Amino acid sequence: MNTSIEILVIEDNPSDLELTMHALTKYNLANKIHVARDGEEALDFLFCRGAFSGRDPESPPRIVLLDLKLPKVDGLDVLRAIKADRRTKAVPVVIMTSSNQQRDMVESYQLGVNSYIQKPINFVEFQEVIQKLGYYWLVVNKPPPSGAFH
Amino acid sequence: MNLRDAPIRQKVTWVIMLTSTVVLFVTAAVFMTYEVIAFHRSLVQNSQTIAQITAAQSSAAVEFEDDKVCQEILSKLKEEPTILLAALYGRDGKMMARYPASSPVGFFPSAPELQKYKIQEGALNIFVPVKQENLMVGTLYLEWDLSPAYRHLRWYAEMVALVLIGSMGIALAISHWLQRRISVPILELAETAGKISRSGDYSVQARKYGNDELGQFTDSFNHMLAQIHAQNEALRKNEEQLRGALQTAETAAAEVRTLNTELEERVTHRTAELAAMNKELEAFAYSVSHDLRAPLRHIDAFAQILEEEIQKNPDRVPHYLSRIRVGAQNMGRLVDDLLKLSRVGRVEPKFEAVRLTAVVEEVLAELKDEVANRDIEWRIAELPSASVDPGLIKQAFANLISNAVKYSRTRARAVIEIGVELVDGETAIFIRDNGVGFNMQYAHKLFGVFQRLHRMEDFEGTGIGLATVQRIIRLHGGRIWVNAELDKGATFHFTLKGIEAARRI
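As given, the protein sequences belong to chains A and B, one line each in that order.
Position 14 of the first sequence, counting from 1, maps to 14 under the working numbering, and the rest follow consecutively.
Position 262 of the second sequence, counting from 1, maps to 262 under the working numbering, and the rest follow consecutively.
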C-alpha cells in the first residue's frame, strides 16, 4: 500500500463530518482520510490546485465520500468535474446525502456516481452503512490497475 | 350607300318621300285611268248619239235613195267641227253621199263594215245602221277627229303631273319638318349615350321633346341612367364602406396582433415568474428533505453517541450536548427563516411613503446587542423616501445589514457603508462592507434559496436570507445585484420602483 490518501470526505456541516469521522474511526477506517469542507476545496485537492498544488495528481484517493449540499460548488458539480477528468474518472464516488429527492439521484447516476446513499436518520443504521461502505470499497472491491486511465 | 347605314334623318325622309310618292303616283294613275276610260266612253256615246240622230234623220232619204237629201243632211254635220268625214251607204252598200263633199272618195271606206266603231290613226270610225221601221236600209259612217280630245287628255295629264310635283314638294317639306321632330330627339339621345359611353358619367340626362314613344323612350333612358347613377353611387358608397371596413378590420387585426404580442409577452413573463416560483417551491421541498432532516439526524446521532460514550468518555459529554443543542438551534433558525420567506409574497404588500433612513435607524437599534462587542465604523448617508411596504422593506434592510455585520466580523475594524447613488441612470441604495467577500464566480448562486458560499463552521446561516431580500425587492419592482471580491468585502445594490429621485447626487 502506498501512502496516498485512501478516503476523501467532502462535507461542510461540522456535525455531519464529526458523525462520519466517528463512524469511520469506530471501524478503523479512519486512516489516510482527507476532509474537504466545500466543493471548491475538494476540486482543488483532487486536481492539485491552489493550496494543494504540491500534491501528485496521479495519486487519486481510493474513494470519495461526497455530500450533495455544499457551499460554493455543490456536490453534483464536484461529481461532474471528477467524472469528466481523465485523472479522476476511475475514482469511485459515493454520494451520501440527507436528500431523498429523485431528481438528485437520477442526475447523480447520469453523471456516473458509483453509489448513492441516503443518510439514515437513525445513527446506528448510519454507522452500519459507513462500515459496510468502507469494507466494500476498500477491501472487497478491486480498484482499477494504476495507470489504467492514463 | 346602304340604306341600313344611312343616317336616320335620311331614312325618315326616304320613308316619307317614298310613301307619299307611291301614294301620289297610284292616285294619279288611278285617276288618269278612270279619266281616260270615262272620256273615251263619253266620246263614243256622244258620237253614237249624233250618229244615230243623223241616221234617223236620213233614213227616209236613204230608203228612197235620194242622194241630194242625203247630201244635205250630211252637210249639216259641219255644226260638229270634230267630225272629219261622214258618208251614207245605201242598202246595196253603195256610197250615196259624203261629207265634206269635196273630199276624195278614197278617204272613205269603200263599203260599210259590220264593226260598230273602231279607233285608228287618231280618229274614231263609227258605223251606224240606217233603219226604216226596223228594217235596215243603209249605213251611216262617221269619222271623228280625236286630236282635240287627246289634247284635252294631255292637258289633264300635265295638270296631274304638276299637282304630283307640287305635292311631292310639299311632302318633302313636311318630311323635312317631321324628320326634324323625330330625328332630333333620337340624335340627341344617341349623342347623350355616346357622351356617357365615352365619359362614363351617368349623372347626365337626355332632353325630352314630347310624350310620344320617343319621349317615353327618353324617360326610360333617363330613368335607366338615374338608376345606373344611383347604383353606381351605391356601389361607390359600398366600396367606400368596404374599404373603411377593411381598414377597420386591418386596424383591428393589427390591434389583435399587438394584443397577442402583449399577451405572449405577459404569458412569457408569467411563465418565467411561475418557473421561478416553481424553482423556489422545489428548493423548498429540497430543503425540507435535506436541510430540515440534517439537524434532526444530528440530534438523534449525538444523543446516541452520548449514550454510548457517557461512561467511557465523560469529559466529552458537554461536547455532545452542545452538538445536540446546535442541531436544535439550526432547526429552529431554519423554521424561522422559512416562515419569513414564505410570508413574503403570501401577504399582499401595502405601499406607503416611508423614510428609508428611518428604517435603517430602526434596524440598527435592533442590532444594538449583536454589535455591542464589535468595532464598526458606520457611514450612513441620508436615504430618500420611497413608496414601499414598511414591514417588508425593513426585513430586507435587516437581512442585508446583518449580513454585512456577520461577514465583516473577522475584521479588527469593520466598515459598513449605507448610501444611495445613480447606477445607469437609476437610483440605487447600496450596503457595502469590508468583510470576507466571496469569489464572483459563485455570485449567480447567492440569491438562490439555501445556497451558501461559506462554510457552516465559518459563518452560520440558512441560505434563506438573501433569497428573501431578492423576493422583497422584486415585489417592489426593483432588482438587486452584488459586487464582491474575496477577502475585500461585498457591496449590495438594489433599486425600488417607488423610490423618490435623489436629485442631490
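No lab work stands behind these hints, which were simulated from the structure alone.
Because the structure is a prediction, the values reported are computed rather than measured.
Treat the hints with caution; some may be incorrect.
To be verified - Okay, the calculated beta carbon distance ranges per label pair: (1) B:E352 to A:D85: 35 to 41 Å; (2) B:R479 to A:Y27: 27 to 33 Å; (3) A:E128 to B:E282: 46 to 52 Å; (4) B:W378 to A:S115: 32 to 38 Å; (5) A:N141 to B:G419: 31 to 37 Å; (6) B:H319 to A:P143: 55 to 61 Å; (7) B:A275 to A:E128: 39 to 45 Å.
Unchecked claim - Below, a list of computed lysine-lysine pairs in the DSS-like style, where the Cα atoms sit at most 30 Å apart: (8) B:K76 to B:K118; (9) A:K83 to B:K76; (10) A:K89 to B:K76.
Stated by the list, open to error - From the derived model, a few chain B residues whose C-beta atoms are all more than 12 Å from chain A: (11) F25; (12) G93; (13) V105; (14) A275; (15) E309; (16) Q311; (17) I324; (18) L364; (19) E377; (20) S402.
Don't be surprised by glycine CBs; every beta carbon is placed ideally from N, CA and C.
Failing hints, ascending?
-> The structure conflicts with hints 1, 2, 3, 4, 5, 6, 9, 10, 15 and 17, although it agrees with all the remaining ones.
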